[in-house]
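A.B. asks: Just so you know, the protein sequences line up as chains H and F, in that order. The working numbering numbers the first residue of the first sequence as 138 and each following residue consecutively. The working numbering numbers the first residue of the second sequence as 633 and each following residue consecutively.
No lab work stands behind these hints, which were simulated from the structure alone. Some clues are possibly wrong.
Unchecked claim - No farther apart than 25 Å at their CA atoms in a straight line, the calculated lysine-lysine pairs in the DSS-like style are these:
1) Lys494(H) to Lys634(F)
2) Lys494(H) to Lys533(H)
3) Lys224(H) to Lys314(H)
4) Lys728(F) to Lys634(F)
5) Lys224(H) to Lys315(H)
6) Lys275(H) to Lys315(H)
7) Lys314(H) to Lys275(H)
8) Lys496(H) to Lys533(H)
9) Lys728(F) to Lys224(H)
10) Lys496(H) to Lys728(F)
11) Lys634(F) to Lys314(H)
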Amino acid sequence: MASADHADSSAVAQVLHTIGVEDRGRLLAGLATRFHDLDLAEDVLQEAMVRALETWTRRGVPQNPQAWLMTAAKNRALDIIRSDAVKARRLAALRIESEVDEGDHRAHSADLDEELSTANIPDERLGLFFTCSHPTLKEREKIALILRFLAGLSTAEVAAVFLVDTTTMQQRIVRAKKRITTTGIPFGRPTADQLRERLPGVLRVVYLIFTQGFVPTTGTTHSRTDLQQEAITLARLLVRLLPQETEARGLLSLLLLTGSRAGARTDPAGLPVPLAEQDRGLWDSRLIAEGLSLAQTAAGEPEAGPYTVQATIAALHAEAVTYSETDWNQILVLYGILSRLEPGPVVALNRAVAVGKAKGPEDGLNALEELAADPGLADYRPFHIAHALTLREVGKPEQAERAFRSALDCPGNDAESDYIEVQIRDLLA
Amino acid sequence: MKYVLLLMGNAADADCGTDEGPDPSEFMAFDEEINTAGIVVGGFALEGPETGVRVSTRDAETVVTSGPFAESGEFVGGSYIIEVADIDEAIAWAEKSPGSSLGHIEIRPLADY
């Protein structure tokens with residue numbers, strides 16, 4: 138049923154505008170899953186949007202605009218497939234050729250609104266998450282694909298994330314899409330086995346998007362809340378798609394609790410403010426409340442893994458009213474658990490810092506210096522900063538200065554470099 | 633889709649050419665399983681890399697050398713060409729093959745020209 142016979146085009150544009158990132162993501166995932174082709178899905182969805190503007194202006198806005206768009210896009214895809222022998226052959230192999238021959242439904246046919254008003258578009262975004270983070274793809278391809286197709290960023294916006302120009306990103310996304318086709322990466326919902334095996338990989342992509350926003354390793358700024366926000370939205374979507382998965386909730390909790398500090402992590406000049414000196418009144422209490430409640434449930438479940446443990450650590454920071462009230466002994470215990478679940482240099486570093494806070498700077502320094510030979514930390518700026526701060530604390534300013542200079546030699550953002558320069562000046566003063 | 637499973641060995645591996653690693657009967661059992669699945673469309677098994685003969689023509693001159701070739705460690709021991717739905721199925725077959733625990737298996741999509 139049309140809601141108006143002749144909607145004016147600006148009203149139609151308005152309706153199309155309200156079909157936001159979320160709906161477009163669902164439509165795109167549905168089309169990509171149906172036709173096993175991201176390129177085709179993007180093209181026909183775009184065409185359907187253009188056609189909607191034209192048709193709805195003439196005939197009124199349908200009752201279920203999303204279903205209208207889905208059918209228009211699907212029919213256009215079938216048209217394209219019929220005229221493309223290579224695509225037809227591939228689709229025949231996917232056993233959907235019967236659909237290709239199934240009569241000539243047109244999106245603008247008169248009785249279609251009726252048919253579509255009850256249409257239910259299944260959410261295929263979980264499958265698309267798994268396709269876009271398939272283990273055969275490279276890390277940066279996964280990040281680009283997920284930002285583009287699940288967070289709904291434009292190619293230019295994804296380019297800004299990676300600090301490359303739009304053309305470069307355009308080519309990277311084209312190559313990644315081509316790899317999906319050439320490699321034969323499947324579309325559709327993962328099986329229970331695949332879910333168990335590959336969910337950590339999916340969660341990791343979202344985590345990496347967040348960390349790139351939390352402490353950018355390039356660029357000028359120390360905190361990119363836009364990226365943190367995208368990662369939180371993606372984690373939220375994963376929790377909605379997989380409400381029973383403990384680690385998905387653990388990840389969301391971790392991102393919320395960590396992201397809650399965004400407003401306090403930089404000073405008005407953009408320089409980083411260490412955790413000890415942050416004004417906790419600036420932490421986002423709404424994000425903290427949501428993060429804490431997620432962490433509490435997840436932590437009690439048998440499937441609790443590395444993200445839930447990290448969320449619990451973040452919860453301890455969030456619960457401390459002042460820095461001096463932080464329960465470092467408990468944090469140290471949790472880092473011990475984390476280093477067994479997910480051993481690695483960065484976890485070892487965080488554990489060493491916790492040793493210093495729980496047992497005193499001398500012990501912390503010993504723990505840090507045991508890690509000095511780890512090749513995974515040689516170029517890792519946070520290691521050298523932690524080392525320098527601890528050396529300063531135990532009264533070794535010359536060595537602290539050398540450690541700060543090593544930190545400057547590591548990759549990092551400009552705001553952080555400025556912070557280190559200030560520390561060096563203070564040491565020399 | 634059609635994939636080639638290349639069963640790769642490495643001459644530098646301590647076990648290579650010894651009796652360590654999977655028993656020939658494991659290869660036989662896998663061969664039977666994959667053939668019974670009805671997905672094999674081709675394949676081959678090769679004699680050892682030391683039996684290889686290299687031919688190259690440069691400036692109208694043909695140079696023939698025979699193995700072993702000390703400079704190349706990796707070699708193809710055999711292959712299956714299979715037709716399955718997607719890369720995940722191909723990976724599952726590669727995991728099952730004893731070749732993935734002895735050396736490794738490289739999966740390549742067959743070009744569709």
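A.B. asks: The structure should be examined with respect to each hint, and the outcome stated for every one.
C.D. replies: Checked hints:
Simply put, Lys494(H) and Lys634(F) have alpha-carbon atoms about 57 Å apart, too far for the 25 Å limit, and the pair is violated. At roughly 18 Å between alpha-carbon atoms, Lys494(H) and Lys533(H) fall within 25 Å of each other, so this suggested pair holds. With a C-alpha separation of about 15 Å, the suggested pair Lys224(H) and Lys314(H) falls inside the 25 Å cut-off, and the hint holds. At most 25 Å may separate the alpha-carbon atoms for a hinted pair to count; Lys728(F) and Lys634(F) meet this at roughly 18 Å.
For the given pair, Lys224(H) sits about 14 Å from Lys315(H) by alpha-carbon distance, which is consistent with the 25 Å threshold. Only pairs whose Cα atoms come within 25 Å are accepted, and Lys275(H) paired with Lys315(H) is accepted, the gap being roughly 13 Å. With a C-alpha separation of about 12 Å, the suggested pairing of Lys314(H) with Lys275(H) holds against the 25 Å cut-off. Of the pairs offered as hints, the one joining Lys496(H) and Lys533(H) holds, with about 19 Å between alpha carbons and a cut-off of 25 Å not exceeded.
The straight-line distance between the Cα atoms of Lys728(F) and Lys224(H) is roughly 32 Å, outside the 25 Å bound, and the hint therefore fails. This hinted pair does not check out: Lys496(H) and Lys728(F) have alpha carbons roughly 50 Å apart, beyond 25 Å. The hinted pair formed by Lys634(F) and Lys314(H) meets the criterion: a straight-line CA distance of about 19 Å does not exceed 25 Å.
Hints 1, 9, 10, counting from the list given before, are not met by this structure.
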